[in-house]
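Protein chains: 4
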Amino acid sequence: MDFSLTPELKSLQLEVRAFVAEHIIPLEKDARQTAHGPSEDLREELVGLARRAGLLTPHASVELGGRGWTHMQKAIAFEEAGYSTLGPTAMNIHAPDEGNIHLLEVVATPAQKERWLKPMVQGKIRSCFAMTEPAPGAGADPSMMQTTAVKDGDHYVINGDKWFITGADGASFAIIMAKMEDGTATMFLSDMNVPGIEHVRTMDAMDACFTGGHGVLKFTNLRVPASDVLGEVGKGFRYAQVRLAPARLTHCMRWLGQARRAHDIALNYARNRQAFGVQLGAHEGVSFMLADNEIDLHTARLHIWHTAWMLDQGERCNFESSRAKVACSEAEWRVVDRSVQILGGQGVTGETIVSRIFTDMRAFRIYDGPSEVHRFSMGKKMIAGREGH
Amino acid sequence: MDFSLTPELKSLQLEVRAFVAEHIIPLEKDARQTAHGPSEDLREELVGLARRAGLLTPHASVELGGRGWTHMQKAIAFEEAGYSTLGPTAMNIHAPDEGNIHLLEVVATPAQKERWLKPMVQGKIRSCFAMTEPAPGAGADPSMMQTTAVKDGDHYVINGDKWFITGADGASFAIIMAKMEDGTATMFLSDMNVPGIEHVRTMDAMDACFTGGHGVLKFTNLRVPASDVLGEVGKGFRYAQVRLAPARLTHCMRWLGQARRAHDIALNYARNRQAFGVQLGAHEGVSFMLADNEIDLHTARLHIWHTAWMLDQGERCNFESSRAKVACSEAEWRVVDRSVQILGGQGVTGETIVSRIFTDMRAFRIYDGPSEVHRFSMGKKMIAGREGH
Amino acid sequence: MDFSLTPELKSLQLEVRAFVAEHIIPLEKDARQTAHGPSEDLREELVGLARRAGLLTPHASVELGGRGWTHMQKAIAFEEAGYSTLGPTAMNIHAPDEGNIHLLEVVATPAQKERWLKPMVQGKIRSCFAMTEPAPGAGADPSMMQTTAVKDGDHYVINGDKWFITGADGASFAIIMAKMEDGTATMFLSDMNVPGIEHVRTMDAMDACFTGGHGVLKFTNLRVPASDVLGEVGKGFRYAQVRLAPARLTHCMRWLGQARRAHDIALNYARNRQAFGVQLGAHEGVSFMLADNEIDLHTARLHIWHTAWMLDQGERCNFESSRAKVACSEAEWRVVDRSVQILGGQGVTGETIVSRIFTDMRAFRIYDGPSEVHRFSMGKKMIAGREGH
Amino acid sequence: MDFSLTPELKSLQLEVRAFVAEHIIPLEKDARQTAHGPSEDLREELVGLARRAGLLTPHASVELGGRGWTHMQKAIAFEEAGYSTLGPTAMNIHAPDEGNIHLLEVVATPAQKERWLKPMVQGKIRSCFAMTEPAPGAGADPSMMQTTAVKDGDHYVINGDKWFITGADGASFAIIMAKMEDGTATMFLSDMNVPGIEHVRTMDAMDACFTGGHGVLKFTNLRVPASDVLGEVGKGFRYAQVRLAPARLTHCMRWLGQARRAHDIALNYARNRQAFGVQLGAHEGVSFMLADNEIDLHTARLHIWHTAWMLDQGERCNFESSRAKVACSEAEWRVVDRSVQILGGQGVTGETIVSRIFTDMRAFRIYDGPSEVHRFSMGKKMIAGREGH
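Residue numbers (my numbering), protein chains in the order written: chain S, 1 to 389; chain V, 1 to 389; chain B, 1 to 389; chain R, 1 to 389.
Just so you know, the hints here were simulated from the structure itself, not pulled from any lab data.
Quantities reported herein were computed from a predicted structural model and do not represent experimental measurements.
Each hint should be verified, as a subset may be incorrect.
Dumping the calculated DSS-like pairs for lysine-lysine here, alpha-carbon to alpha-carbon at most 27 Å [unchecked claim]:
#	chain 1	residue 1	chain 2	residue 2
1	B	K218	R	K10
2	V	K29	S	K218
3	V	K380	R	K380
4	B	K10	V	K381
5	S	K380	B	K380
6	B	K381	S	K380
7	V	K380	S	K29
8	V	K380	R	K381
9	V	K113	V	K235
10	R	K381	S	K381
Please model the entire structure based on the sequences and the hints provided.
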């Protein structure tokens with residue numbers, strides 16, 4: 001048992017912290033941010049900053065041009081990246097690309113990597129992951145998928161509707177989940193600017209941190225050549241799991257940075273504001289909230305570190321990543337909610353970035369499986385004695 | 001003890017419910033809503049609808065053209081109005097005008113009423129209440145006020161900065177709180193379009209339900225004639241209390257309607273969506289949240305009814321309105337947060353109005369005294385044995 | 001809508017409050033209390049005090065010698081009785097007799113009333129209600145009942161095991177629920193000192209407020225004449241509902257008194273103890289807990305009053321009594337838990353009665369349906385649109 | 001960063017787990033347990049079992065006959081010991097002896113160690129720590145100490161009252177905190193069976209896990225020779241801190257074992273009990289509680305491991321042990337409360353050991369500093385920027 005950060009991890013932490021403080025935070029008030037996320041133009045500027053700093057797509061393998069970070073390295077660095085709302089976009093470690101890069105590294109063919117993965121790792125293009133569907137389709141329960149893929153010669157023909165497709169607007173290509181005639185699912189790769197894919201609209205979302213927002217897509221007789229199947233036919237649900245456990249955890253990491261940022265701003269406010277004759281932070285009603293923030297931040301960090309370490313040991317961590325996801329998303333949310341409360345009126349306006357973090361973060365208790373679905377899944381495994389540890 | 005709604009109250013409830021359902025809810029997607037609230041144009045259309053329905057400014061006295069509603073009548077009707085995000089604007093019962101109308105009825109001179117109150121009751125003009133200040137001024141602790149009023153002949157000269165001034169942009173006049181040389185505070189009435197008042201900017205707020213948003217004002221040698229003092233010189237803090245207790249409670253009423261709306265949408269979704277092979281609502285993880293919503297909604301309603309009844313008995317209800325404000329703002333918030341969670345992805349997008357209610361409502365735990373300030377004040381009174389009941 | 005206490009209710013409140021303060025609280029340290037509740041001897045002394053004060057079994061009808069209290073009168077008076085841990089025992093309004101008296105008044109034959117109800121109302125004998133069974137029998141789910149009743153001539157022969165039978169030790173008679181051959185259930189009346197009933201043991205329970213504790217019973221070929229069937233054969237589950245809704249609510253009332261007592265002791269302590277240089281209650285960490293206690297006590301009282309009023313209107317209140325039971329049991333528990341915390345070390349010892357209230361009350365979140373069963377039942381009705389109001 | 005248990009730690013875990021399962025759990029229903037803890041007789045039997053297993057006082061240094069465990073080894077082993085309510089007593093690692101042994105090892109003179117520490121490490125005698133006082137003396141705020149020590153030749157004369165002195169009844173000696181004339185505090189060692197020490201009574205406490213219960217002591221002109229001062233005169237408060245941080249953490253460890261035990265019993269019940277037609281654990285209302293238990297147990301364990309590791313690095317961990325104490329005591333309490341709820345009626349009776357754990361554990365949120373005092377202290381340090389990490 002050893003909780004020390006190696007010199008390498010410590011140096012990584014300081015490297016990303018400095019990059020974010022010097023280059024990214026100053027851009028947070030940049031006007032090129034919209035209700036549907038940073039503009040493509042702003043994204044390119046951010047990515048350029050990370051590229052120059054040697055911090056672009058660092059989780060990708062060295063072969064691909066990344067730094068081949070372990071999960072533990074990601075735990076340290078992604079928290080620092082998340083300290084700015086724009087940090088993950090700059091470093092190209094945001095959903096959905098972060099997870100898609102991981103998935104393609106594991107599953108894609110050399111040709112597919114050359115065509116789609118490489119430019120994505122270089123920050124030149126973006127992707128989206130087209131799984132979620134409107135009712136009565138696949139939501140928290142992926143088995144309800146309605147989008148179909150039917151073999152037609154050496155092509156597959158895909159029909160269906162998707163929504164909540166993060167980053168769809170402006171994405172160069174999509175990973176599409178569709179149901180086969182035998183009830184299994186398959187993943188397909190497709191450029192977005194092809195006949196058969198319609199970007200119907202961008203949804204009005206509470207969050208505004210993902211470039212391209214959340215889109216609604218319609219597939220009408222989309223023809224995908226068999227060579228563009230991602231991995232093996234029929235293994236879509238299995239790959240989705242491959243993608244999910246680590247992707248869940250990187251969410252926890254980035255949002256931990258956001259929560260820490262909100263807390264730091266609230267702490268600073270409590271130090272400097274006066275109320276009822278004394279420093280605001282001298283009120284226990286405030287200082288107890290700060291203490292609870294500290295407890296929650298530390299709790300989230302410990303869950304992340306532990307699960308990242310397990311993943312680095314080669315464990316699949318289905319149970320553990322559910323546990324970490326619930327613990328972190330709820331602890332981090334409490335931190336941000338308390339920070340808003342400490343800031344009072346300022347907490348609910350753009351005077352600080354905390355209100356932005358608050359509205360961005362609410363969805364985290366829902367994305368990648370609502371807390372309820374994770375509790376459901378954990379409980380089932382525990383009752384069956386299959387929690388696996 | 002009698003919890004029955006009199007036939008008159010029952011009929012009032014149905015009247016407002018029908019008005020909101022038929023005339024107001026259809027306008028909720030109207031494009032004339034901005035990040036800073038409904039446009040003035042939309043507000044006028046809404047007010048026109050209420051006028052035609054005989055539901056405009058109904059809490060004002062009959063002499064002034066209102067219906068002279070008791071607090072109990074407000075409890076019933078304002079909940080119904082709040083069922084739409086636009087209902088309170090339509091009926092002219094939203095903050096800050098609702099409270100300002102009440103205050104002017106109690107304190108203003110006949111000339112002041114003729115000039116400012118009457119057109120406000122008729123929905124022709126709007127007002128704002130300029131009390132809150134940026135640090136180091138008056139926030140949750142009004143005694144920290146920095147804005148000064150100095151007597152100069154038969155005028156007062158006002159200097160200072162205000163912010164979070166709801167409805168400032170587009171308001172015809174303001175009620176201004178300023179500190180006198182002897183440490184007391186006075187309320188002044190002033191038109192907004194006069195030299196000495198600058199509307200610096202509108203703040204970016206999480207909520208978007210108040211026409212005119214939340215403004216920053218600067219007073220530079222604003223000259224107010226002595227005849228425009230509201231009430232007596234030096235009694236500003238006392239009047240603020242007169243305004244506050246009932247104003248707090250009407251917030252609870254309107255937001256109860258909003259919370260009920262969010263719950264109804266979530267309940268409907270739980271009835272119709274499938275997940276993991278059964279109806280979503282057949283999952284206890286969901287139905288327990290619905291049961292908790294029901295408990296919280298009923299709790300809020302009982303607190304409101306009880307405090308409204310006490311106000312109708314002539315009690316000042318300083319303690320009781322603090323108690324109701326904490327209980328209701330937190331219960332109603334939990335309802336909306338759970339409704340978002342039940343709706344999943346849809347809860348955090350504009351697919352339903354629930355995400356709008358969520359971001360609008362967060363500030364309610366802060367406006368009119370954060371929960372912490374009310375707990376502080378209640379606790380102090382309890383320790384001193386002055387909770388007064 | 002009228003929240004005023006009528007002069008009659010106000011006088012009732014003062015009458016019971018004075019009785020408890022003068023006659024019952026002084027006996028709280030009486031050594032005749034055991035881990036299994038007050039001794040029979042102590043109970044008789046207490047009952048004698050209530051008899052002399054005209055406060056014995058006041059909820060029974062006037063014909064039977066009670067005062068025929070409405071649910072609203074009970075709401076006021078039972079809270080006051082509960083202010084002492086011994087109050088409900090003294091006034092003969094404790095579980096299970098309180099509910100059994102109600103049930104027998106509604107369902108029993110004149111002969112049954114003469115034989116069992118009358119002496120119970122007079123406080124001369126006690127009863128028990130034998131429904132709950134050990135696994136795999138009837139617990140929170142009564143339909144799992146294993147105890148059987150088989151017709152044999154003009155008798156029924158009952159076999160089975162029961163446990164958690166409150167008051168069993170020392171009870172004169174039992175109401176026994178048993179399953180018929182057709183799957184319905186029937187209630188039977190039987191003296192306890194008959195062949196076929198064995199009182200196996202008294203369970204070690206966390207609570208110590210019920211005379212006779214909680215017993216384990218074994219029925220072996222217990223023969224009950226058909227004339228001792230309570231009500232109609234096959235209607236056992238229906239009668240259980242008749243008994244349950246009001247019984248649940250009287251639990252809420254009595255425990256509200258207990259919670260208020262704990263709060264008063266904690267408040268008094270916070271006023272008089274010093275910590276870190278100031279009065280304990282001057283710490284917001286303490287005064288906020290007191291404020292939350294006040295909110296929770298008021299919430300519970302409003303739920304009780306509202307549901308009692310509905311019962312007095314003749315409503316069955318299945319849904320409403322579930323709602324009140326969850327709201328009250330959880331709010332009252334929070335009050336007592338916070339009171340323990342404020343009292344610090346003293347809260348967890350016999351220095352005050354609060355630790356007694358704490359251990360007595362924990363079961364209230366389980367008895368008469370755990371919170372989870374009520375949420376389950378409420379949620380089901382809401383999803384089905386049958387919440388009935 | 002390395003979360004793996006070394007082979008040595010893994011083997012230690014299994015060693016203690018097996019010892020507790022085979023030798024200690026079978027004694028849990030032993031009748032020699034009283035409302036004031038295990039009898040001295042039972043304690044000696046338990047200690048004998050640990051001695052034979054080589055697990056007696058293992059945290060003491062090897063020189064003294066212990067195994068010289070690090071904090072990390074304690075973290076692993078004490079959790080296992082705590083899995084039985086009697087485990088810590090058997091292994092002589094319970095409060096207050098566990099902390100007193102640590103303190104004496106650090107501070108006592110060779111003669112003092114020979115006389116008091118050695119037999120305590122051998123499990124032959126017990127000690128108590130006499131710090132807490134009745135109002136208006138030292139409670140959560142030790143600076144309020146009223147007990148005085150006055151120099152008289154080569155003796156000190158001690159007068160004062162103490163209470164909540166764990167293990168006082170039957171202790172062979174006491175560590176006594178008293179205030180000096182200059183306002184500092186000093187620790188004294190004294191045998192208990194001497195003139196000047198009166199054991200007034202044992203308090204009725206909710207918990208029943210400490211041999212000797214919690215006593216009230218009176219010191220009347222107790223004469224302590226200067227050679228029995230523990231450490232230096234005037235350094236009492238500093239030594240109390242030396243004792244406190246690790247002592248707090250060992251509480252967290254032992255109670256983690258208790259919480260895990262309660263959870264395991266509830267999980268087993270949920271697997272085997274039926275309700276409403278299905279396995280109890282198939283109800284999400286139950287399985288969600290189990291999932292939350294898992295999250296809380298893991299959270300507590302991570303906090304403990306991290307703080308133990310820091311202590312092993314030589315850090316004082318004042319801030320960190322406060323953080324761990326709040327996080328663990330509240331998380332572990334929630335686990336036990338939920339376990340009671342899942343068990344229903346059985347949870348509140350002696351049918352399982354969970355009700356014992358519940359009543360034993362409540363005080364943990366108060367002992368060694370209530371949660372509020374730790375939040376107070378953490379908040380103060382954070383506001384001052386002195387949280388030290």
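Evaluation of the provided hints:
For the suggested pair B:K218 and R:K10, the alpha carbons sit about 48 Å apart, so the restraint of at most 27 Å is broken. For the hint pairing V:K29 with S:K218, the CA-to-CA distance comes to about 24 Å; that is within 27 Å, so the pair holds. Between the alpha carbons of V:K380 and R:K380 the distance comes to roughly 22 Å, so the proposed pair stays at or under 27 Å and holds. A C-alpha spacing of about 25 Å is found between B:K10 and V:K381, which places the hinted pair at or below 27 Å, so the restraint holds.
With a C-alpha separation of about 22 Å, the suggested pair S:K380 and B:K380 falls inside the 27 Å cut-off, and the hint holds. Under the criterion of a C-alpha separation no larger than 27 Å, the hint pairing B:K381 with S:K380 is consistent with the structure, at around 26 Å. A hinted pair counts as satisfied when its Cα atoms are at most 27 Å apart, and V:K380 with S:K29 does not qualify at roughly 42 Å. Distance hint between V:K380 and R:K381 is fulfilled; the C-alpha atoms sit about 26 Å from each other, no more than 27 Å.
Only pairs whose Cα atoms come within 27 Å are accepted, and V:K113 paired with V:K235 is accepted, the gap being roughly 19 Å. Distance restraint check for R:K381 and S:K381: the Cα-Cα separation of roughly 42 Å exceeds the 27 Å cut-off, and the hinted pair is therefore not satisfied.
Checked against the numbered hints given earlier, the structure breaks hints 1, 7, 10 and satisfies all the rest.
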